[in-house]
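Visitor: Sequences and hints are given; from them, build the entire structure.
Chains as they are written, first to last, in our numbering: chain B, 251 to 422; chain A, 30 to 206.
Each hint should be verified, as a subset may be incorrect.
Below, in silico cross-link-like pairs of lysine-lysine (PhoX-like), each with a Cα-Cα straight-line distance of 20 Å or less [what the hints assert, rightly or not]:
# : chain 1 : residue 1 : chain 2 : residue 2
1 : A       : Lys199    : B       : Lys415
2 : B       : Lys347    : B       : Lys415
3 : A       : Lys116    : A       : Lys137
4 : A       : Lys123    : A       : Lys199
5 : A       : Lys116    : B       : Lys260
Hints listed in this document are in silico derivations from the structure and should not be mistaken for laboratory results.
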Amino acid sequence: MSNVEIRIQKARAQAGQMRVLGAVLIPMLSAAIGLPLIGEIYLVSFEPAPWAAEVGVLSAILIKLLSYAPAIAAAVAVVMLQPVLVEYHEGRFVSDKASTAFQLAGISALAAFFLKLLIAPIAIALLGGASFSWRVEMLDIALMVFAASVMMIGGVLDAAVASLKAENDQIV
Amino acid sequence: MTEAALAPLQRAQQLAGGAATVAVVAAVLIALGAVAQGVSPALNVFATREVTPDLAGVAAVINAIGIFWIIVLPSFLLGGALLDLSKVLDEYGKGQFFTLRASTHVRKAAEGALWALGFKIVGSPTLLSWVTHEGRGFIWHMEPFDLGLIAFAAFVAVLGRVLEAAARIKEENDEIV
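Guide: Given below as structure tokens:
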């Protein structure tokens with residue numbers, strides 16, 4: 251086996267290991283986010299706190315769902331990265347599917363920040379929950395730029411893959 | 030290459046170049062914001078302790094510097110991660126997509142974000158409580174959202190690692206050719 255083939259095998263193995271880890275991590279992540287959410291929805295439905303009783307059951311459930319929406323969007327971003335690992339594990343490092351998934355993961359992460367910083371607090375305030383106050387942390391902004399950059403990387407790789415494909419098609 | 034295939038690529042390159050600049054600006058702003066955030070608590074040390082020319086005075090100064098660094102470290106780490114990402118985007122802007130440099134910086138950026146999140150969640154609160162003598166235990170400030178972000182950054186780090194391996198293969202192939 252040549253040096254290049256050994257390296258390809260290594261890279262594929264790394265992606266494969268992460269795929270297995272992801273298969274374990276994603277259900278755990280879902281449980282870590284989903285179980286407390288279910289618990290809180292149960293509490294506001296059947297043993298409502300004074301604030302929940304005041305806004306009504308439906309609004310209280312929506313408020314709880316909205317407060318967990320950023321975490322759900324972040325978990326979706328992780329799930330979106332799975333196809334990248336699948337493609338890399340198959341040895342397709344320059345792949346249309348992988349770069350699109352990269353892009354979608356970045357978009358989901360960015361959506362998570364918008365939900366956390368703006369949409370969820372405003373919607374919660376409109377539903378009668380905690381009043382809206384503009385509280386932006388530097389770290390959140392930095393992580394938002396990080397997510398936007400990941401999305402951008404996916405976008406550029408996508409364009410690069412498309413142009414490589416067009417070039418190859420032209421040669422063929 | 031056909032013009033139709035080149036146009037989106039050139040647009041993407043231009044966007045990447047622009048985004049690289051935005052990432053650098055964001056990194057600088059975050060560092061400045063962190064310094065502004067850390068100065069006040071550090072100076073507060075001097076409100077409660079006097080800076081005298083003895084061991085107690087030296088301890089007060091070290092305490093103030095320690096508090097400053099504990100507060101600013103997560104933002105500085107994240108600023109570093111953004112600078113790494115700016116290097117990736119800069120490479121892409123130049124049309125160098127599958128290079129070792131770009132892939133290495135993807136991995137480094139994600140690892141930097143992981144360190145920053147680690148410090149934000151457990152490192153900084155714990156150290157701050159130790160330094161300010163409020164407690165000796167470990168303090169966690171973790172929300173479900175943070176958990177999602179950690180997983181996201183960890184995945185990007187591994188993808189960076191795989192891209193790095195793929196870029197090495199490409200470089201070897203190019204050398205052979």
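Visitor: None of the hints should be skipped; say for each whether it holds.
Guide: Structure-based check of all given hints:
Annotation: proposed proximity of A:Lys199 to B:Lys415 holds, straight-line Cα distance about 17 Å (limit 20 Å). A C-alpha spacing of about 13 Å is found between B:Lys347 and B:Lys415, which places the hinted pair at or below 20 Å, so the restraint holds. Simply put, A:Lys116 and A:Lys137 have alpha-carbon atoms about 11 Å apart, close enough for the 20 Å limit, and the pair holds. Taking the CA atoms of A:Lys123 and A:Lys199, the gap is near 18 Å; set against the 20 Å cutoff, the hint holds.
Between A:Lys116 and B:Lys260, the direct Cα distance comes to roughly 26 Å. Violation of the 20 Å bound is thereby established for this hinted pair.
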